[in-house]
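Asker: Each chain is listed here by its residues.
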Amino acid sequence: MDHSAVTLKSNPYGLVLNLDPVLPFDELCAAVGEKFRNSAGFFKNAKLALTFRGRVLTHEQESRLIEAIVQNSKIEVICVVDEDKGTEEYYRKAVTHTLEKQETAQGQFYRGTLRSGQVLETETSVVIIGDVNPGAQIVSKGNIVILGCCMGNIYAGAGGDRSCFAAALTMKPMQVRIADKAARSAISKKTDTGEYPVEPMIVYIKDDHLQIKPITNDTLGEYLS
Amino acid sequence: MSEVIVVTSGKGGVGKTTSTANIGAGLARMNKKVVLIDTDIGLRNLDVVMGLENRIIYNLVDVVEGNCRVKQALIRDKHYPGLYLLPSAQTRDKSAVSPEQMIKLVDSLTQIFDYVVLDCPAGIEQGFRNATAAAQRAIVVTTPEVSAIRDADRIIGLLQAGGIKKIDLIVNRVRVDMVKRGEMMSVEDVLDILAVNLIGAIPDEESVVIAANHGESVVGSDTLSGQAYMNIARRITGETVPLIDLESGATLLHRVVSLFRRK
Chain A
1 MDHSAVTLKS NPYGLVLNLD PVLPFDELCA AVGEKFRNSA GFFKNAKLAL TFRGRVLTHE
61 QESRLIEAIV QNSKIEVICV VDEDKGTEEY YRKAVTHTLE KQETAQGQFY RGTLRSGQVL
121 ETETSVVIIG DVNPGAQIVS KGNIVILGCC MGNIYAGAGG DRSCFAAALT MKPMQVRIAD
181 KAARSAISKK TDTGEYPVEP MIVYIKDDHL QIKPITNDTL GEYLS
Chain B
1001 MSEVIVVTSG KGGVGKTTST ANIGAGLARM NKKVVLIDTD IGLRNLDVVM GLENRIIYNL
1061 VDVVEGNCRV KQALIRDKHY PGLYLLPSAQ TRDKSAVSPE QMIKLVDSLT QIFDYVVLDC
1121 PAGIEQGFRN ATAAAQRAIV VTTPEVSAIR DADRIIGLLQ AGGIKKIDLI VNRVRVDMVK
1181 RGEMMSVEDV LDILAVNLIG AIPDEESVVI AANHGESVVG SDTLSGQAYM NIARRITGET
1241 VPLIDLESGA TLLHRVVSLF RRK
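Sequences listed follow chains A and B, in order. Under the working numbering, the letters of the first sequence match residues 1 to 225, in that order. Under the working numbering, the letters of the second sequence match residues 1001 to 1263, in that order.
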């Protein structure tokens, strides 16, 4: 097979594929696959942007080429950049933007106090470093851990996962929900003096009921069993 | 360098207007040039509290709509030559002014004054957006009541989202006897929840209401609340002033004076 059917050029954020303009597409596709198979060790599991050069491709052809690359190496193709805009700056923006978006989507940590009216929704488990004030809300498809005082509404396992838990250093929530179970705090006739001592608590489902218990070896053992 | 400060609370009736008037008087006592702007269009109060109601000819909306020059609408205070009021309109509503117009107006006032203090209306609608648009710093007023604290918390969140970094808190109407009996939140507990810088706590005193009803400020009187407001004004200018112990009275001198009064 003609090895000059495809040549690779790289910049810090992506790759430029110089394609042979006349070779039949199927042969070209095979050449690309082989090229990446040979250099899979070099690229490892890099995340990068791609530009195709030297040949006008249809959408379908583009995706077939990408498939050939992905199948023959561990490269994660973040985006395909059109040749005419294919400057390095554009690559950089496209790659960093996508990576940033992935990071925020994971949303594993939230720094600061969640105040009344603020809603934090995450697809994954979340750790809050700060307080959750009355009127604030956290909705997580995973677990919720609050390194602070929880006085708002929290909803763990919002996707329906009953094994999720919620924990806080001070647990005084308005409402707690885990999957399809909900509980609300007792209404107290006493004046709210705002004094909430630190007593780490965990909320989880056991025997079809919400359990709100202090974090001790016993309760953790019960939750894990 | 002039500063633009908005006094806000979310909830109504916690003492925004009274606090604005007294902070203004306190700053003016320190020989600062201060303008107070009443942004509560349709429900103006600041002029009444300052006793300047009968001197209003032009107002905020007139200035914004170009019916008069800014200086024509400014009213000088009765006591302090450095203190001015830009009153609000009573016959219009909040939509008469836009945030952009407020920014332009405040910009022109910062040329003349050391401090521009905006008295914000209750609520989080158009009036709140107008008042906060031009501000660099905010003073949030709350009382040690659960409902006021909830609203203050929401307001602080909105201010932070609006890009105002410097946010201070006044805890108003503190009743030491109730705190002692465990029937009211203490200033410390309020701070625990709201987690912002405390710039002063004002005791619940009749003198504040009486002064406001007379169109005077408590600043400058020998009351505890007057002293507390004066200290807030000093802290605004960057001085470090220790907090007054509301329980035992202000200073040794204060205690001696009250000792003689009792006899």
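No lab work stands behind these hints: they were computed from the structure. The beta-carbon is built from N, C-alpha and C at its ideal position, and this holds for glycine as well. It cannot be assumed that every hint is accurate.
Residues from chain A that keep clear of chain B, each with C-beta distances beyond 10 Å, as calculated [to be verified]:
id	residue
1	Asn18
2	His59
3	Glu121
4	Phe165
DSS-like mimics (lysine-lysine), calculated; alpha carbons at most 30 Å apart, straight line [as the list claims (entries may be wrong)]:
id	chain 1	residue 1	chain 2	residue 2
5	A	Lys141	A	Lys9
6	B	Lys1078	A	Lys172
7	B	Lys1071	B	Lys1180
8	A	Lys74	A	Lys172
9	A	Lys172	B	Lys1165
10	A	Lys35	A	Lys74
11	B	Lys1094	B	Lys1071
12	A	Lys47	A	Lys141
13	A	Lys93	B	Lys1094
14	B	Lys1180	B	Lys1094
15	A	Lys35	A	Lys141
16	A	Lys172	B	Lys1180
17	B	Lys1094	A	Lys172
18	A	Lys9	A	Lys35
19	B	Lys1011	B	Lys1165
Asker: Going straight from one Cα to the other, do Lys9/A and Lys35/A come out at no more than 30 Å?
Answerer: With a Cα-Cα distance of about 12 Å, the restraint between Lys9/A and Lys35/A holds, given a limit of 30 Å.
Asker: With d taken as the least Cβ-Cβ distance between Glu121/A and chain B, does d exceed 10 Å?
Answerer: holds (16 Å)
Asker: For Lys93/A and Lys1094/B, compute the direct alpha-carbon distance and say whether it is at most 30 Å.
Answerer: Roughly 42 Å separates the two Cα atoms, so the pair is violated.
Asker: Below or equal to 30 Å on CA atoms is what counts here, so check Lys141/A against Lys9/A.
Answerer: violated (42 Å)
Asker: For the pair supplied as a hint, Lys1180/B and Lys1094/B, is the alpha-carbon distance within the 30 Å limit?
Answerer: Roughly 42 Å separates the two Cα atoms, so the pair is violated.
Asker: Would Phe165/A pass as off the interface with chain B, using Cβ distances and a cut of 10 Å?
Answerer: Consistent with the label, Phe165/A stays out of reach of chain B, its closest Cβ about 25 Å off (over 10 Å).
Asker: Checking one constraint from the list: CA of Lys1011/B to CA of Lys1165/B, max 30 Å. Satisfied?
Answerer: holds (21 Å)
Asker: Straight-line Cα separation of Lys1094/B and Lys172/A no greater than 30 Å?
Answerer: Status violated; Cα separation ~38 Å.
Asker: Does the alpha-carbon distance linking Lys1094/B and Lys1071/B stay inside the 30 Å limit?
Answerer: Cα-Cα ~22 Å, so holds.
Asker: Given the hint that Lys47/A pairs with Lys141/A, test it: the Cα-Cα distance must not exceed 30 Å.
Answerer: Answer holds: Lys47/A to Lys141/A is near 27 Å, not above 30 Å.
Asker: Would you check the hint for Lys35/A and Lys141/A, treating anything up to 30 Å between C-alpha atoms as holding?
Answerer: violated (41 Å)
Asker: Are all beta-carbon distances from Asn18/A to chain B longer than 10 Å?
Answerer: The assertion about Asn18/A holds, with a minimum of 48 Å to chain B.
When held up to the earlier numbered hints, the structure conflicts with 5, 6, 7, 8, 13, 14, 15 and 17 and fits the remainder.
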